[in-house]
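Participant: Going line by line, the protein sequences match chains D and G.
Heads up: the first sequence is residues 947 to 1055, going by the working numbering.
Heads up: the second sequence is residues 34 to 308, going by the working numbering.
FYI, nobody ran anything at the bench for these hints, they're computed from the structure.
A virtual CB, placed ideally from N, CA and C, is assigned to each residue, including glycine.
Errors might be hidden in some of the hints.
Unchecked claim - If we take Cβ atoms under 10 Å as the criterion, some of the chain G residues that face chain D in the derived model are:
1) Leu82
2) Trp89
3) Ala92
4) Asp116
5) Met216
6) Pro221
7) Asn224
8) Ala227
9) Arg287
10) Thr290
11) Asn291
12) Thr294
13) Ser295
Claimed, not checked - Here are the in silico distance ranges between beta carbons for each label pair:
14) G/Asp51 to D/Glu949: 47 to 57 Å
15) D/Ser951 to G/Asp118: 24 to 34 Å
16) G/Thr168 to D/Glu949: 54 to 64 Å
17) G/Asp118 to D/Gly974: 55 to 65 Å
18) G/Asp135 to D/Val1016: 35 to 45 Å
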Amino acid sequence: MAEISFPLPDLGEGLIEATVLEWLVSPGEQVERNQPLVEVETTKSAVELPSPQAGKVVRIYGGPGDKINVGEPLIVFEVPDNTAGIVGTVPKEEAPKRRVRLSAVLDED
Amino acid sequence: MSGRHTGEQHSHTVEGTDPQLYVQVHEPQNDAGLRPVLLLHGFSSSSKLNWEDSGWLTALLEAGRRVITVDLPGHGRSGAPEDMDSYSPSRIRADLLQIVFDAGARPLRDGDPSSGLDVIGYSLGSRLAWEFGATQHELVHRLVLGGPNVADPLADFDLIAAQRYLADGTPIADESTAGLLKMAMLLPSNNIFALLSLVEAIKTEPYDPAEAVPHMPMLLVAGENDDRAASMPELAALGAKAGGMVEQLVLPGRNHTNAITSRAFKQGAISFLGV
Chain D
947 MAEISFPLPD
957 LGEGLIEATV
967 LEWLVSPGEQ
977 VERNQPLVEV
987 ETTKSAVELP
997 SPQAGKVVRI
1007 YGGPGDKINV
1017 GEPLIVFEVP
1027 DNTAGIVGTV
1037 PKEEAPKRRV
1047 RLSAVLDED
Chain G
34 MSGRHTGEQH
44 SHTVEGTDPQ
54 LYVQVHEPQN
64 DAGLRPVLLL
74 HGFSSSSKLN
84 WEDSGWLTAL
94 LEAGRRVITV
104 DLPGHGRSGA
114 PEDMDSYSPS
124 RIRADLLQIV
134 FDAGARPLRD
144 GDPSSGLDVI
154 GYSLGSRLAW
164 EFGATQHELV
174 HRLVLGGPNV
184 ADPLADFDLI
194 AAQRYLADGT
204 PIADESTAGL
214 LKMAMLLPSN
224 NIFALLSLVE
234 AIKTEPYDPA
244 EAVPHMPMLL
254 VAGENDDRAA
264 SMPELAALGA
274 KAGGMVEQLV
284 LPGRNHTNAI
294 TSRAFKQGAI
304 SFLGV
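Kindly produce the complete structure, drawing on both the sequences and the hints.
Facilitator: Structure, rendered in structure tokens:
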């Protein structure tokens, strides 16, 4: 198994941080891609972030009221080795809806 | 998740001029066979901010609901007409009626769960939904009103002060005006002058919930830290007095801005409308 960490994505112009409102998943839970992960609030609005990845949640960062900077770790998933690399998973049929993309920071190993 | 959807600037005119409203109809992958849901966003927001980014659209589609979103004039991807009339609440309600009809909504028929229309509004969208429900009782099945006002915060908006501020930076004395304008200016996509036209039009038709009261079942929702939570019972009393069934939901720890993403709000609405 491999771990993939996702940072808080860029949420739009000039926003450098967001406050966690509520986590919708917890460690140990298996989540699907695009499943709602967490509600966060910025100075402009509240948004729900969908999961960029299917996998088992290993760690989540920040509880309700905590601020997280854009680029800092938000969540870590455990995925089978063969899905962590370039080979990747078969893309789902539907196009991702959001403009906001989480990008992977792969562990160096 | 999202299935087929179509987006367009609505062009079926009611009053002779094109309101340039941006309408999208979102089809669920597995249709629950229930009536469509119309979503009405708040002042200075948009369908994208209020309903998509907040997770509402996904949640409703997953519940098998067909969803109609409309950006209010001067907001989101709708146009910003120059004539004041395009922004008046009565004109917006007339355009909404045409839009939902064009999207396939049909008057309620006994025993047909696909007939009629459910409406979810937030803030200014709740005001429009309240009035729409009160005037379209043959069509509207149930209402969910988030962050609902009993009086109109926009009616006291100091337009002259706002225009002075925009012209030369003269500070705005009225706190509510300054706050609303600040909120409106936070989003680069907002057309400030169109938003001021909307305020001006609203001032000519201020909100009076007692004037026309919806009779259909209503769910009122507000964050615990939103002042509107305290005045919700007044709206509930109006609805109950008119003979409607009214439920209230207060979201712990939430305010007017962050109530919108609340799971409890979404689940409450979906189950209230799922009949």
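Participant: Each hint: holds or not?
Facilitator: Hint check:
no.: 1; hint: Leu82; result: holds, 5 Å
no.: 2; hint: Trp89; result: holds, 9 Å
no.: 3; hint: Ala92; result: holds, 8 Å
no.: 4; hint: Asp116; result: violated, 30 Å
no.: 5; hint: Met216; result: holds, 9 Å
no.: 6; hint: Pro221; result: holds, 7 Å
no.: 7; hint: Asn224; result: violated, 16 Å
no.: 8; hint: Ala227; result: violated, 19 Å
no.: 9; hint: Arg287; result: holds, 8 Å
no.: 10; hint: Thr290; result: holds, 6 Å
no.: 11; hint: Asn291; result: holds, 4 Å
no.: 12; hint: Thr294; result: holds, 4 Å
no.: 13; hint: Ser295; result: holds, 7 Å
no.: 14; hint: G/Asp51 to D/Glu949: 47 to 57 Å; result: holds, 54 Å
no.: 15; hint: D/Ser951 to G/Asp118: 24 to 34 Å; result: violated, 54 Å
no.: 16; hint: G/Thr168 to D/Glu949: 54 to 64 Å; result: holds, 56 Å
no.: 17; hint: G/Asp118 to D/Gly974: 55 to 65 Å; result: holds, 57 Å
no.: 18; hint: G/Asp135 to D/Val1016: 35 to 45 Å; result: holds, 41 Å
The structure does not agree with the numbered hints 4, 7, 8, 15 stated previously, though it agrees with the rest.
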